[in-house]
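Please build the complex by placing chains D, R, B, Z, E and C on the supplied structure of chain H, with the hints as guidance.
So the sequence lines, in the order shown, correspond to chains H, D, R, B, Z, E and C. At position 1 of the first sequence the residue is numbered 247 (this note's numbering), and the sequence of numbers has no breaks. At position 1 of the second sequence the residue is numbered 247 (this note's numbering), and the sequence of numbers has no breaks. At position 59 of the third sequence the residue is numbered 305 (this note's numbering), and the sequence of numbers has no breaks. At position 57 of the fourth sequence the residue is numbered 303 (this note's numbering), and the sequence of numbers has no breaks. At position 30 of the fifth sequence the residue is numbered 276 (this note's numbering), and the sequence of numbers has no breaks. At position 70 of the sixth sequence the residue is numbered 316 (this note's numbering), and the sequence of numbers has no breaks. At position 32 of the seventh sequence the residue is numbered 278 (this note's numbering), and the sequence of numbers has no breaks.
No lab work stands behind these hints, which were simulated from the structure alone. Quick caveat, the model's predicted, so the values are computed rather than measured. Accuracy of the hints is not assured; some may be wrong.
[Said to hold, decoys possible] Here are the computed lysine to any residue pairs in the SDA-like style, where the Cα-Cα straight-line distance is at most 25 Å:
(1) Lys281/B - Arg307/B
(2) Lys281/E - Asp327/C
(3) Lys283/Z - Gly311/Z
(4) Lys281/B - Asn276/R
(5) Lys283/B - Lys312/Z
(6) Lys306/R - Glu277/B
(7) Lys306/Z - Arg257/Z
(8) Lys283/Z - Phe301/Z
(9) Lys281/H - Ala266/H
(10) Lys275/Z - Asp297/B
(11) Lys283/H - Thr296/H
(12) Lys306/E - Asn276/C
(13) Lys275/C - Leu274/H
(14) Lys275/D - Asn319/C
(15) Lys312/Z - Ser271/E
(16) Lys264/D - Lys264/R
(17) Lys275/C - Glu277/E
(18) Lys281/C - Ile278/E
[Stated by the list, open to error] Chain C is nowhere near these chain H residues, computed Cβ spacing over 10 Å in every case:
(19) Arg257
(20) Ala266
(21) Lys283
(22) Ser285
(23) Asp297
(24) Glu299
(25) Glu300
(26) Phe301
(27) Glu302
(28) Asn303
(29) Ser305
(30) Arg307
(31) Asn318
(32) Val323
(33) Lys324
Where a beta carbon is used, it is the ideal one built from N, C-alpha and C, also for glycine.
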Amino acid sequence: MNSPPPTQAKRPLNVLQKAANRLVSVRLKNEIEYKGKMSNVDPYMNVILTDAEEFENGSKRANYGKVVIRGNNVLYVKIEDRL
Amino acid sequence: MNSPPPTQAKRPLNVLQKAANRLVSVRLKNEIEYKGKMSNVDPYMNVILTDAEEFENGSKRANYGKVVIRGNNVLYVKIEDRL
Amino acid sequence: MNSPPPTQAKRPLNVLQKAANRLVSVRLKNEIEYKGKMSNVDPYMNVILTDAEEFENGSKRANYGKVVIRGNNVLYVKIEDRL
Amino acid sequence: MNSPPPTQAKRPLNVLQKAANRLVSVRLKNEIEYKGKMSNVDPYMNVILTDAEEFENGSKRANYGKVVIRGNNVLYVKIEDRL
Amino acid sequence: MNSPPPTQAKRPLNVLQKAANRLVSVRLKNEIEYKGKMSNVDPYMNVILTDAEEFENGSKRANYGKVVIRGNNVLYVKIEDRL
Amino acid sequence: MNSPPPTQAKRPLNVLQKAANRLVSVRLKNEIEYKGKMSNVDPYMNVILTDAEEFENGSKRANYGKVVIRGNNVLYVKIEDRL
Amino acid sequence: MNSPPPTQAKRPLNVLQKAANRLVSVRLKNEIEYKGKMSNVDPYMNVILTDAEEFENGSKRANYGKVVIRGNNVLYVKIEDRL
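If we strip away everything but chain H, and leave its shape as in the complex, we get (with noise of 0.2 Å):
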């Protein structure tokens, strides 16, 4: 929805960033969350996760060899500690 914040202040999208290759899990406005490797992300919260699982109400939906996120849609980003 807008520019990313300049460069002084970005350190929730540094700690993204450093997060890149870890497991994550991607909840999006519409409830469904995505889990799975964090291949890159970019300071709008566009996110590439690949081997990644669609959730919806906690039961899985489908899998994905590679997807492209679109980051105005995302809530959040929880970092997993597995991986």
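Frame of chain H, contents of chains D, R, B, Z, E and C only:
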């Protein structure tokens, strides 16, 4: 909804650009899904699909020779293994 | 919702521009569809249609001599083979 | 929702500008429609209507001597043949 | 939702500015309406009303000595003949 | 949703700034209302309230020692006579 | 939804920045609430929470070791007295 991320961090968009001419599934916020060859895509995720099919709740609803989807409606782009 | 993509990557928009004077179907987010000759389109996907017809759930609802659709409402522009 | 398209491509907006003082119908996203003389319009599609009538589901609901409609609510502007 | 239109084309906004200190009705997207003296307005359509009344479905709901309405909620500003 | 209006026209925002340390009521788009001392406000209408109360449909729901409300949720800020 | 306010007026954002490492409650537009330590926040209100808990209608729904919430979903950030 906003200007594309700055150059140094747009890797998810680069991955999309490299998937040009691949078979993709584009799901929109309204839950409708389009499958077809992604002739092109831009940083706003405006997508051109050719020979596309429209699906709603898993059943095919229509065919499209060539369709330009406005990026702000996109939930995700799934890059298919086939093609 | 935002500024148009930068010049080097606006190919989906170029494809639209080249379709000027073609017959198109423009579906809006509210699921209403307009068919007519696309006299012109801009990078924000504002569209001018002439001799347009409005469809809701597949049935014709109205005729338009000339209508300017605001781009942010556009879901997709389908370029028709006819005309 | 965003900055207006750059000058070289704003032809739909030019067409609107040229329709100043014409009779128009402005439909909003909430499906309410305003008919009146379009005294002026800007690139964001903010519209001034004079001697306007408001319609909901085809029935007249109110009269307006002079009303300024905020552009982001606009679905389309239909340029009427009359006047 | 976006930056204000550039100077050369902001005539609807100029008309609003000239209506400062006039009696206006401001209808919001949520259908609630405010009537009062428009002390001031800016290009984003942020509006200051003084001695304002709030109406919902035509019945008065509250009084406001001074209220600042955020522009992005505005559907239209109707300039009243009175005052 | 967008950049703040340019300096020469931001009088509604100036009025808000001058109301710092006044008692205000902030109504959000979701119809919930917050009353408290407005310690500060910025041009995007991000608001800091101290000693705030939350109301839903007129009944108090919670107390807040210090809360920062994100501006894009704001419907209006009413400047109270008291305090 | 937009660029952050200019430097001279961003005091609400400064207050948030100073609350880093404090315990906060972040309520989102979808009414879900997250409580945890705010490791960091940026001008867009992207927030990193650690050791966070998710609440819906007052009952705890989940735990999060580390989560990055996208700012445009934020309704408010309440700074807690504890911690």
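Taking the hints in turn, this is what the structure says about them:
Straight-line distance between C-alpha atoms of Lys281/B and Arg307/B comes to about 12 Å, which keeps the hinted pair within the 25 Å bound. Restraint check: the Cα-Cα separation between Lys281/E and Asp327/C comes to about 19 Å, which is no more than 25 Å; the hinted pair holds. This hinted pair checks out: Lys283/Z and Gly311/Z have alpha carbons roughly 10 Å apart, not beyond 25 Å. At roughly 21 Å between alpha-carbon atoms, Lys281/B and Asn276/R fall within 25 Å of each other, so this suggested pair holds.
For the given pair, Lys283/B sits about 33 Å from Lys312/Z by alpha-carbon distance, which is inconsistent with the 25 Å threshold. With a C-alpha separation of about 17 Å, the suggested pairing of Lys306/R with Glu277/B holds against the 25 Å cut-off. Proximity of Lys306/Z to Arg257/Z is assessed by CA-CA distance (about 32 Å); at most 25 Å being required, the pair is judged violated. Under the criterion of a C-alpha separation no larger than 25 Å, the hint pairing Lys283/Z with Phe301/Z is consistent with the structure, at around 15 Å.
With a C-alpha separation of about 13 Å, the suggested pairing of Lys281/H with Ala266/H holds against the 25 Å cut-off. Restraint check for Lys275/Z and Asp297/B: satisfied, since their Cα atoms lie roughly 22 Å apart, inside the 25 Å limit. For a cut-off of 25 Å, the pair hint linking Lys283/H to Thr296/H stands: about 5 Å separates their Cα positions. Distance hint between Lys306/E and Asn276/C is fulfilled; the C-alpha atoms sit about 20 Å from each other, no more than 25 Å.
With a C-alpha separation of about 13 Å, the suggested pairing of Lys275/C with Leu274/H holds against the 25 Å cut-off. Among the hinted pairs, Lys275/D with Asn319/C is consistent with the structure: their alpha-carbon atoms are about 16 Å apart, no more than 25 Å. As the CA atoms of Lys312/Z and Ser271/E are separated by approximately 11 Å, the hinted pair is consistent with the 25 Å bound. In summary, the hint linking Lys264/D to Lys264/R is supported, as the alpha carbons are separated by about 23 Å, within the 25 Å threshold.
Annotation: proposed proximity of Lys275/C to Glu277/E holds, straight-line Cα distance about 12 Å (limit 25 Å). For the hint linking Lys281/C to Ile278/E, the alpha-carbon distance of about 20 Å falls within 25 Å, and the restraint holds. For Arg257/H, the non-interface assignment is contradicted: its Cβ lies about 4 Å from the closest Cβ of chain C, within the 10 Å cut-off. The Cβ of Ala266/H sits about 13 Å from the closest Cβ of chain C, beyond the 10 Å cut-off, so the non-interface label holds.
Interface exclusion of Lys283/H from chain C stands, the closest Cβ pair being 16 Å apart, more than 10 Å. Taking the minimum C-beta to C-beta distance to chain C, about 17 Å, the non-interface status of Ser285/H holds against the 10 Å cut. Every C-beta of chain C lies more than 10 Å from that of Asp297/H, the closest at about 21 Å, which supports listing it as non-interface. Taking the minimum C-beta to C-beta distance to chain C, about 17 Å, the non-interface status of Glu299/H holds against the 10 Å cut.
Remark: the non-interface label on Glu300/H is consistent with the geometry, its nearest Cβ contact in chain C lying 18 Å away (cut-off 10 Å). No Cβ of chain C comes within 10 Å of the Cβ of Phe301/H; the nearest lies about 13 Å off, and the non-interface call holds. Residue placement check: Glu302/H keeps its beta carbon more than 10 Å from all beta carbons of chain C (closest about 15 Å). The Cβ of Asn303/H sits about 12 Å from the closest Cβ of chain C, beyond the 10 Å cut-off, so the non-interface label holds.
Once the 10 Å rule is applied to beta carbons, Ser305/H is consistent with being away from chain C; the minimum gap is 16 Å. Chain C leaves Arg307/H outside its interface by the beta-carbon criterion, the shortest separation being 19 Å against a cut-off of 10 Å. Under the 10 Å C-beta cut-off, the non-interface status given to Asn318/H relative to chain C is violated; the minimum distance is some 7 Å. Separation of Val323/H from chain C is inadequate, the least Cβ-Cβ distance of about 5 Å not exceeding the 10 Å criterion.
Its closest Cβ contact with chain C, about 5 Å, brings Lys324/H to no more than 10 Å, contrary to its assignment away from the interface.
Of the numbered hints given earlier, the model fails hints 5, 7, 19, 31, 32 and 33; all others are met.
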